[in-house]
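Construct the complete structure from the given sequences, taking the supplied hints into account.
In order, the protein sequence lines correspond to chains W, U and X. Note that this note's numbering has the first sequence beginning at -8, numbered continuously upward. Note that this note's numbering has the second sequence beginning at 2, numbered continuously upward. Note that this note's numbering has the third sequence beginning at 189, numbered continuously upward.
Honestly, I wouldn't trust all of these hints.
Unchecked claim - Taking lysine to aspartate or glutamate pairs in the EDC-like style, the calculated list, with each CA pair at most 16 Å apart, reads:
hint: 1; chain 1: W; residue 1: LYS145; chain 2: X; residue 2: GLU374
hint: 2; chain 1: X; residue 1: LYS461; chain 2: X; residue 2: GLU364
hint: 3; chain 1: W; residue 1: LYS89; chain 2: W; residue 2: ASP77
hint: 4; chain 1: W; residue 1: LYS145; chain 2: X; residue 2: ASP220
hint: 5; chain 1: U; residue 1: LYS142; chain 2: U; residue 2: GLU59
hint: 6; chain 1: X; residue 1: LYS334; chain 2: U; residue 2: ASP48
hint: 7; chain 1: X; residue 1: LYS461; chain 2: X; residue 2: GLU375
hint: 8; chain 1: W; residue 1: LYS145; chain 2: X; residue 2: GLU222
hint: 9; chain 1: U; residue 1: LYS60; chain 2: U; residue 2: GLU81
hint: 10; chain 1: X; residue 1: LYS334; chain 2: U; residue 2: GLU45
hint: 11; chain 1: U; residue 1: LYS28; chain 2: X; residue 2: GLU374
Claimed, not checked - Negatives, chain W to chain X, calculated, CB over 12 Å:
hint: 12; residue: ILE70
hint: 13; residue: LEU112
hint: 14; residue: ASN118
Just so you know, the hints here were simulated from the structure itself, not pulled from any lab data. We treat Cβ as the ideally placed atom computed from N, Cα and C, and that holds for glycine.
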Amino acid sequence: MQSYIDALIQNIGILQQVPPLIIYTAAILLGCAVVFGYISVVAMIMIYAERKVAGHMQSRYGPMRVGPHGILQSVADSIKLLLKEDTVPDKAHRFLFKLAPLLVFAGAFVPFAVLPFSEHLVISRMNIGIFYILSLAAIEVIGVIMAGWASGSKWSLYGGMRLAAQMVSYEIPMALAVLTVVAFSGHLGLHEITHAQGKWPWEWFASPLKSPFTAVGFVVFYIAGLASTKRLPFDLPEAESELVAGFHTEYSGMRFAYFFIGEYTAMYVVCAATAVLFLGGWNGPFPGVVNMLGKTFFLLFVMIWLRWTLPRLRIDQVIFVCLKVLLPISLICVIGAALQAVLF
Amino acid sequence: MRAVANYFRDIVAAIYTITLGLGVTMKCLFSKPVTLQYPDERPEVPDGYRGIHTYEIEKCIACNLCVQICPITCITLAYEGKGKNAVIHQYDIDYTKCLFCHLCCEVCPTDCVHMGKEFDLASYTRAECVIPFAKAAAVQKQE
Amino acid sequence: MQDFLQTEEILVNMGPQHPSTHGVLRLVIRTDGEMVRETYTHIGYLHRCAEKIGENLTYKQFVPYTDRLDYLASINNNLGFCLAVENLAQIEVPERAAYLRVMGAEMNRIASHLVSYGTLGMEAGAFTPFFYGFREREQLVAIIEKMCGARLTYHYARLGGVMRDITPEIARDTREFVRTMEQRWEEYNTLLSFNEIFIKRTANVGIIPRDMAIGYGLTGPCLRGSGVEWDLRKDDPYSLYERFAFTVPYGDGRMGTVGDSWDRYWVRMVEIKESLKIITQVLDGLPEGPIMGKVPRVLKLPVGEAYMRVENPRGELGFYLVSDGGTKPYRLRIRGPSFCNLSIMNALGRECLVADVVMILGSIDVVLGEVDR
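Okay, structure coming up:
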């Protein structure tokens, strides 16, 4: 991105008079605004898609009232959330209560700095891209525990604690699954990982033809991704039938919207990361952006599909699946992938 | 050994049954929804539906049987005279109380009160839920 | 160090406003982290004095009130009360009416079990079974709506007979429903019953051993789930149930231990199928004749008492009537199955996880309208 700005400064005379620091700051803010706008639109589309798909999977229509086939339902909902009264419970810790949604949102927002949409359409080509995404996802955990504790409600506290246990454990198999890919690409940058994969499906890391270990790693990464974004069958932190709404029970209005958008953004990030790591990113028969978005939205559809089919696990089973199923499998995959990368 | 076998059996069973379940929801995704878009599309109400009453004032002989049988006394009947010459001033049914049990219609000797197909009872005040059938009939007659 | 690391038990209110308490039940659970140490049930939020109302109304007038006890199985409730009154008053019920009562009761049993299927799925976190269950229930409710004109509080079985006769159209619809329901039943099992996650959630959870089930006076699917073969339709037949061939399912611990939540759930699922069989038999062998017996206009019961019990979808529903010879009962007592089944909740809801409490409550399947009456 910096190279583009530099080229821009060189080509346009007026910009040379302005100190570079101001131009860079302006560019960063502009980038943030663009990403924020993109996230909002994507979250709205996803919420609409989720409700519509859920409706049809359950023999009903889903939203139908606002606009043709209810396409403006998400817009109406966001206006409603913006206008709603913003309440803070009496027993809440006011500062942390207000800070938590911002942290959750920020944790979901920052990975966009390195997520590529195509070969050139990327904000920063960081050489530790995937490491950056994994580590920043941890901010969300702090935000959620903060929300759960600061709400001053027992059910919220349960939700926060469950999420902490769940996310911390699922980060391990997730990171190990990433390592299987890194063993082949030899690099942590998302560009280099994408370049290690070819145009066609059998050249992607998700295909057993390329390596059986990364293919299993793909499944492990996706399942761990489901868990870290609190999607069914791992949606214990907000388990409706047990905890009412989990950590965001006490939130309303805009703060609730932050959680909501944060959740959908996190889903998008996980799916985009899966697409880059295992499904060849922007490689494919179509122009780069189309490939990338197509893969991401397909993975998002699978997430929605799973959610409206499966029951939820119990907390001990969630940890069992992580530590006794995914962890050994991913360890075997890492060793296998390393051997394959060295020997073949 | 058995625990190890169970462990792998569970993993395989989980993947297999989840796939089958996904098939069921996918099949439903492409079938036609069964719900109605309610205020635009109305459900077809069968004959003999137990909705809001219809009342034929000219048939009523003010025998008071419906008032007596009503389990919750939601019918108010005021009249002068008896039998066919009765003049009915008031026949109110309070739908905040009504059980829709159909007993009043069954007991009526002249079949003057029936239950109709109307089921929409929403109103802004409680008073609007009391439907004055006799008055409505009088207004209709005047017109 | 010991003092520093001490943990505290929290007392949490589950309900009366909670998504999984089937109405207005309040559970107070004492938890240590995710573990539930003790559960206390608090009932009475929906108390409407049904028994006292019964003592102030004539027998005919009380029948619509029985709809509102277990509102998911109104025809079964009507049937129980009508049988009690008919027993005491020596009213003959025509054969056709008895057949139609059986048909209505079995339809209502299916409708009730479909709701139970959906809500248990919902409590396990799966939303779709709920909508599938209600989709088929809607088809069934449409048939009952043609039979008696109402969609929830049917008031179909009356003193001396039933409200209306069925038309050929209703018979055709019912046969079609039986066909679709048999297909959907398989779909339900694929989606929920044999889903590995659902099995893991329900198997070996909330185990009620045989003796404990009998000791707590459980009835219905909760008792049969524990492996006890006890069904009033077979063991103490009423309303000509002895003429129909059907089997009574009972829990065999297929997925875990006998008497766990999955067994109770499975008993309900199989009962749906058995009820379909009974409905087909009713339609095949429906005798001609009147649908209403001779009931005096002013019904006065002889001095005496009567107890009549019927097999509700949730268990044994009993009506105990004491008459002093007047038009109203001197005393009316209702033995609700949900109330007795719920009494085991305190014993089951200990040393388990929070999620288990929800599943146990769902698998006992109570209707609060009947618990509180």
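Structure-based check of each hint:
no.	hint	result
1	W:LYS145 with X:GLU374	violated (40 Å)
2	X:LYS461 with X:GLU364	holds (14 Å)
3	W:LYS89 with W:ASP77	holds (10 Å)
4	W:LYS145 with X:ASP220	holds (12 Å)
5	U:LYS142 with U:GLU59	holds (11 Å)
6	X:LYS334 with U:ASP48	holds (7 Å)
7	X:LYS461 with X:GLU375	holds (13 Å)
8	W:LYS145 with X:GLU222	holds (12 Å)
9	U:LYS60 with U:GLU81	holds (15 Å)
10	X:LYS334 with U:GLU45	holds (11 Å)
11	U:LYS28 with X:GLU374	holds (14 Å)
12	ILE70	holds (26 Å)
13	LEU112	holds (37 Å)
14	ASN118	holds (40 Å)
Figure legend: structure checked against the earlier numbered hints; the only hint not met is number 1.
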